[in-house]
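Trainee: These are the residues of each chain, in order.
Protein chains: 2
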Amino acid sequence: MNAWICCSLLFFVLAAARPVFAANSVPASTNLPGAEFPRVGPDLSVTVRCKAREAKSVKLEGGAGLVKAPLDMVKNPDGIWSVTTPPAVPGFHYYWFNVDGVRMNDDASRLFFGWSRDTSGIEIPEAGVDFYDAKPNVPHGQVRMQWYLSKVTGGLRRAHVYTPPGYDAEAQARYPVLYLLHGAGENERSWIEQGRANFILDNLLAAGKAKPMIVVVDSGYASFPGGSNKDRNGATAAFEDVMLKELIPLVDSTYRTKTARESRAMAGLSMGSGQTLAITLKHLDTFAWIGAMSGPPRQGFDAATSYDGVFKDAAAFNAKVKLLWLGAGTAEDRIHASTVAMHEALDKAGVTNVFYSSPGTDHEWQTWRRSLLEFAGRLFRE
Amino acid sequence: MNAWICCSLLFFVLAAARPVFAANSVPASTNLPGAEFPRVGPDLSVTVRCKAREAKSVKLEGGAGLVKAPLDMVKNPDGIWSVTTPPAVPGFHYYWFNVDGVRMNDDASRLFFGWSRDTSGIEIPEAGVDFYDAKPNVPHGQVRMQWYLSKVTGGLRRAHVYTPPGYDAEAQARYPVLYLLHGAGENERSWIEQGRANFILDNLLAAGKAKPMIVVVDSGYASFPGGSNKDRNGATAAFEDVMLKELIPLVDSTYRTKTARESRAMAGLSMGSGQTLAITLKHLDTFAWIGAMSGPPRQGFDAATSYDGVFKDAAAFNAKVKLLWLGAGTAEDRIHASTVAMHEALDKAGVTNVFYSSPGTDHEWQTWRRSLLEFAGRLFRE
Chain A
359 MNAWICCSLL FFVLAAARPV FAANSVPAST NLPGAEFPRV GPDLSVTVRC
409 KAREAKSVKL EGGAGLVKAP LDMVKNPDGI WSVTTPPAVP GFHYYWFNVD
459 GVRMNDDASR LFFGWSRDTS GIEIPEAGVD FYDAKPNVPH GQVRMQWYLS
509 KVTGGLRRAH VYTPPGYDAE AQARYPVLYL LHGAGENERS WIEQGRANFI
559 LDNLLAAGKA KPMIVVVDSG YASFPGGSNK DRNGATAAFE DVMLKELIPL
609 VDSTYRTKTA RESRAMAGLS MGSGQTLAIT LKHLDTFAWI GAMSGPPRQG
659 FDAATSYDGV FKDAAAFNAK VKLLWLGAGT AEDRIHASTV AMHEALDKAG
709 VTNVFYSSPG TDHEWQTWRR SLLEFAGRLF RE
Chain B
359 MNAWICCSLL FFVLAAARPV FAANSVPAST NLPGAEFPRV GPDLSVTVRC
409 KAREAKSVKL EGGAGLVKAP LDMVKNPDGI WSVTTPPAVP GFHYYWFNVD
459 GVRMNDDASR LFFGWSRDTS GIEIPEAGVD FYDAKPNVPH GQVRMQWYLS
509 KVTGGLRRAH VYTPPGYDAE AQARYPVLYL LHGAGENERS WIEQGRANFI
559 LDNLLAAGKA KPMIVVVDSG YASFPGGSNK DRNGATAAFE DVMLKELIPL
609 VDSTYRTKTA RESRAMAGLS MGSGQTLAIT LKHLDTFAWI GAMSGPPRQG
659 FDAATSYDGV FKDAAAFNAK VKLLWLGAGT AEDRIHASTV AMHEALDKAG
709 VTNVFYSSPG TDHEWQTWRR SLLEFAGRLF RE
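For the record, the sequence lines run as chains A and B. Numbering-wise, my numbering puts 538 at position 180 of the first sequence, and it's gapless, one number per residue. Numbering-wise, my numbering puts 677 at position 319 of the second sequence, and it's gapless, one number per residue.
Treat the hints as calculated values from the structure; they're not laboratory data. Check before you lean on any hint, since a few could be wrong.
Copies of the same chain look alike in the list, so a pair counts if it works inside one copy or between any two.
Said to hold, decoys possible - No more than 25 Å apart at the CA atoms, straight line, and that leaves these computed lysine to any residue pairs for SDA-like: (1) K680 / R619; (2) K670 / P391; (3) K433 / K603; (4) K567 / Y506.
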């Protein structure tokens, strides 16, 4: 074999082995240090790789803003499987590989607790948007892990508590509190790690666009002693008891809070949206600010009778509740339609409420980051 | 086919499909809610399962206290692979599956950041030992995520800060500080999630066996701006600069600390042990309490010349340093031998030091939990 043929063959092998990905693509910000893949292209297409050399079939699966349906990956000559997605929706998406029927995380990405387990996540940047960025030159609040004994569940629980910048230094100041609930399959870290709630608040506060507040994120799961771990219905009475009888008193005694109902808000997404409406509308003496993000579709919402008729006397409701906020992403289809229907029915019944529509986003974290931005900016203003 | 044969066949199928595991075994405490496997037997054998039905070969790999070498798993008639290990060493072990050459986490277990990625972990209980348990009826300190801008690295960093029970309520009290460093491939969460440092402190404090203190856990990785992410040498000058010029001043200005050197300790494990000795022995005006856990084996330690001769004047060293603590697990072989050699050389040179030997444990977290228990109990006493 002469040198020319040898070089040509080598070139051919190298060219064939090179995975196909968009020019000018960059490693995702959620990659582990040093990982070159996944890569995000200028068009927001994503190229992923999976090293399951012996597999017969590898698919990319995950959030709707990344892959609408499982995407077949292709085995390159070097044995590594890869695929490039169509342009993704900006924001955070869970994803994983389906390797011969087995769900496998991408060991090149950070993992985030979702789908009831640690799951690979990818961040797709949104052009010109930085409200949830961790900005170096903005004052940062703390997020505190707060353990407490729950007599309701018979076990130790852990909440995460955001205290705004200056909380420790301004030793006399007292703060209103927002209780923020996660969705099904997530946990008390999700609003921080995926949602970046602390950075959203830091940035709002630095811009003077929100009132300083404490934000409390607990697990939305609770069951009475003896209850199975599988008893995962988010709307359990146990969670309501934990919130009302334990968590709120704990927060009010541990942190420098304002304890009047006018200084207490609750909001949640998906399962947490259902929990928020179920709990706040039953306890208007405790909460004055209510946020329902991407709530599960509900059949036949009726302003006169739903939620034990709390909306029936619209004037009384309007006088008592400072904010009733509903939101959903336009790509959430049934959830969006159902939220619009509730909003319109409330309007028609004379119940003051705000509806926010997140353009182009699905039942994913970009909807809820935007929702928090919109909701938190309105809170605790007279 | 008559009913008897049918039943017999059914019995045979069910019996054959049932995975083999120890009687009276229980799900590991590190399992995700509802997961029946991995199971820990009364003899501390561990049975794991992996659903890679299409795989040709599946092995169990992980920490030395769980599997000394890759352990072949067996495919059961139902297509699920399983294996039962020999009795494991008590404590925390990383583990994963090797599926046809691909490293895969166990989706039934919690993941912990180790080996430079999120990795499955299993907790093996130690009979009669509860010093690192999350006890419901003991007061719990908080663990605070503390973001800060580093001019040294040019980026935002996140430390975790343990404040002891009562920190917020006793608004005039000031506390000594322990800086605690992790090992290679881990991060600023590892001392909390794997090491349970906060629970160890909570339990020590509740028993009156330690002085109330603040514990700071940062990432041990740092590089100067423009430095590659791959520049992972833990003993970098960048980390030393972050610690001395940024983190300590930040902690002293943000928390109610005692700022004299007699109220400042540093300890670390493995890579962090090397960093601790490198930093503290160079900065004895900053640190008075030193803990080196499972340090990397070093060639030819010489009390007269090593560490720039800091041990040469033993009397001066002894007068200045409140505690020089060395420790290792007996199963750490070379690390243990190397630590003993350093201890004996220091003794011979008249340098006061303490050596702790953790019985039966390897280069794993049970060694370091015990080390923290022993070290923290001695701190900040006159």
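Trainee: Looking back at the hints listed earlier, which ones does the structure fail to meet?
Mentor: 2, 3
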